[in-house]
Amino acid sequence: GENVEQHPSTLSVQEGDSAVIKCTYSDSASNYFPWYKQELGKRPQLIIDIRSNVGEKKDQRIAVTLNKTAKHFSLHITETQPEDSAVYFCAASRSGANNLFFGTGTRLTVIP
Amino acid sequence: KAGVTQTPRYLIKTRGQQVTLSCSPISGHRSVSWYQQTPGQGLQFLFEYFSETQRNKGNFPGRFSGRQFSNSRSEMNVSTLELGDSALYLCASKAGQETQYFGPGTRLLVL
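Protein chains in written order, with the numbering used here: chain A, 1 to 112; chain B, 1001 to 1111.
Next up, chain A with everything else stripped away, as it sits in the complex (with noise of 0.2 Å):
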């Protein structure tokens, strides 16, 4: 089956700066890769998500960027702010697929 690694674990960045995620994957046949936001005590909410048929996709502040043939993904957050703060997850899944493989997580915090 499919394996999602994320790195790092925790990240502490100024207010400001830019913050960005890695994750791997396994599965060749993955093609859709979500990302996931969840505060303290609420439900995953998705932030922005790309398909295997795009190398990149921005949305305000935050942007994902995809190597297909490396089998990674990476989101980057910049101008990052305090509300920024949260445990972000990656996701991967085959197209037709309704089971998310999901990263490990990372918290971020952002310092004022």
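If you're looking for bench data, these hints aren't it; they were derived computationally from the structure. Watch out, some of these pointers could steer you wrong.
Said to hold, decoys possible - Facing chain B, from chain A, some residues (calculated, C-beta under 8 Å):
1. Arg43
2. Leu46
3. Phe102
Unchecked claim - Pair ranges (Cβ atoms, derived):
4. A:Pro82 / B:Arg1009: 20 to 28 Å
5. A:Val54 / B:Glu1082: 38 to 46 Å
6. A:Glu56 / B:Glu1082: 40 to 48 Å
7. B:Ser1027 / A:Asp59: 40 to 48 Å
8. A:Glu83 / B:Arg1009: 39 to 47 Å
9. B:Ile1012 / A:Lys42: 35 to 43 Å
10. A:Ala29 / B:Gly1040: 42 to 50 Å
11. B:Gln1017 / A:Asn3: 30 to 38 Å
Unchecked claim - Below, computed lysine to aspartate or glutamate pairings styled on DMTMM-like, alpha-carbon distance capped at 20 Å:
12. A:Lys68 / A:Glu56
13. A:Lys68 / A:Asp27
14. B:Lys1057 / A:Glu79
15. B:Lys1057 / A:Asp49
16. A:Lys58 / A:Asp27
17. B:Lys1013 / B:Glu1082
18. B:Lys1094 / A:Glu56
19. A:Lys68 / A:Glu15
20. A:Lys22 / A:Glu79
Being a predicted model, the structure only gives us computed values, none of them experimental. Glycine included, C-beta positions come from ideal geometry on N, C-alpha and C.
Following the hints, position chain B against chain A.
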């Protein structure tokens, strides 16, 4: 549209008991997936239902089961509870090939 809802939100059970959790998907979503979230194992897929049929199943013992009703609402059942079943149980719904949207979860504590 209303989001995914789950009941109950919190539950305390003792070892050996069984528990049933409920999930109501977003209106129009026919796929419901269940995940277990624990600090040690992270988010793990349990199973997925579509049109009252289980389409996919994760690597969990047979004590974990589920079903889906004709209105797409889903339930999961855990029998003979073990301490290790303490977790946040999340359900997620989706329409077609779109994104999965998560409910708030049911936090189960097994004593």
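Q: Go through the numbered hints given earlier and state which of them the structure violates, listing their numbers in rising order.
A: 7, 8, 9, 10, 14, 15, 16, 18 and 19
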